[in-house]
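*Asks:* Residue 1 is where the sequence shown starts when you use UniProt numbering, and the numbers rise one by one after that.
Simulated from the structure, these hints should not be mistaken for lab results. For each residue, glycine too, the CB sits at the ideal point set by N, CA and C. Hints are supplied without guarantee of correctness; some may be wrong.
DEER-style ranges, computed between Cβ atoms [what the hints assert, rightly or not]:
| id | residue 1 | residue 2 | range |
| --- | --- | --- | --- |
| 1 | D83 | L56 | 16 to 26 Å |
| 2 | R20 | V60 | 13 to 23 Å |
| 3 | A17 | L54 | 16 to 26 Å |
| 4 | S7 | H71 | 30 to 40 Å |
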Amino acid sequence: KGLLEGSVRVGGKVLGANVRYMLGYVDQDDHLIRTLTPKVGDSSQESLMYSARLRLPDAVSDEVVTRVVEHVIKSLNMEAFADTLIGV
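Starting from the given sequences, assemble the full structure and let the hints guide the process.
*Replies:* Here's what the structure looks like:
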């Protein structure tokens with residue numbers, strides 16, 4: 001893991017270090033891997049699992065990540081096309 005340094009400014013004022021726990025970075029463009037499916041599957045490289053692994057702390061187990069991803073799929077009513085390739 002790399003180390004990032006810097007400060008966060010809002011309205012020209014530097015915010016304290018504790019603000020990092022309240023902020024996140026969202027890329028403006030979608031960068032989905034076209035050869036993956038939304039579904040969890042047997043591979044930890046499926047799209048939502050891959051994305052969850054990037055965002056969740058390392059201490060979160062694969063079992064918990066899988067349950068979270070399955071919940072997201074159900075919550076978004078994605079079950080019908082969870083096996084569809086993203087780029088198709």
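*Asks:* What hints, given by number in increasing order, does this structure fail?
*Replies:* none
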